[in-house]
Amino acid sequence: MRIICPFCGERELGEFTYLGDAKPQRPAADAGEDAVYDYVYLRDNIAGVISEYWYHGGGCRAWLKVTRNTLTHEISAVEPAAGAGAAKVGA
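Quick note: the sequence shown uses numbering that gives the first Met the number 0, first residue 0, plus one each step.
Hints may be right or wrong, so weigh each one.
Unchecked claim - Restricting the straight-line Cα-Cα distance to at most 25 Å, the calculated cross-link-like pairs of lysine to any residue (SDA-like) are:
1) Lys22 <-> Lys64
2) Lys22 <-> Phe6
3) Lys64 <-> Pro5
4) Lys22 <-> Pro5
5) Lys64 <-> Ile45
6) Lys64 <-> Glu32
7) Lys22 <-> His72
8) Lys64 <-> Glu9
9) Lys22 <-> Ile2
10) Lys64 <-> Ile74
11) Lys64 <-> Gly31
12) Lys64 <-> Gly13
13) Lys22 <-> Tyr54
14) Lys22 <-> Tyr40
15) Lys22 <-> Ala61
16) Lys64 <-> Arg1
17) Lys64 <-> Glu14
Just so you know, the hints here were simulated from the structure itself, not pulled from any lab data.
Just so we're clear, the structure is a prediction, and the values are computed from it rather than from any experiment.
Construct the entire structure; sequences and hints are all you get.
The following block contains the structure:
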């Protein structure tokens, strides 16, 4: 599998680290214990198109949001994750 980084171009999968599903939203600080439990432990295992967070540690060190089909591994979109930009290499 290869990922086309918007900052570095097409790269091998080994340069990236998978974080997980980009859909779950962290509960508010005053959320109850049940909301935190659901956020941490209960995740959907979607068979199909999903948005995921990936970290390009072997390149520009940017967090990316990758839209990927979990059945075929086809990647249909790659964009910088909201609030995250490319870190300058060597900075």
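- Task: Find the hints from earlier in the document that the structure breaks and name them by number, from lowest to highest.
- Result: 6 and 11
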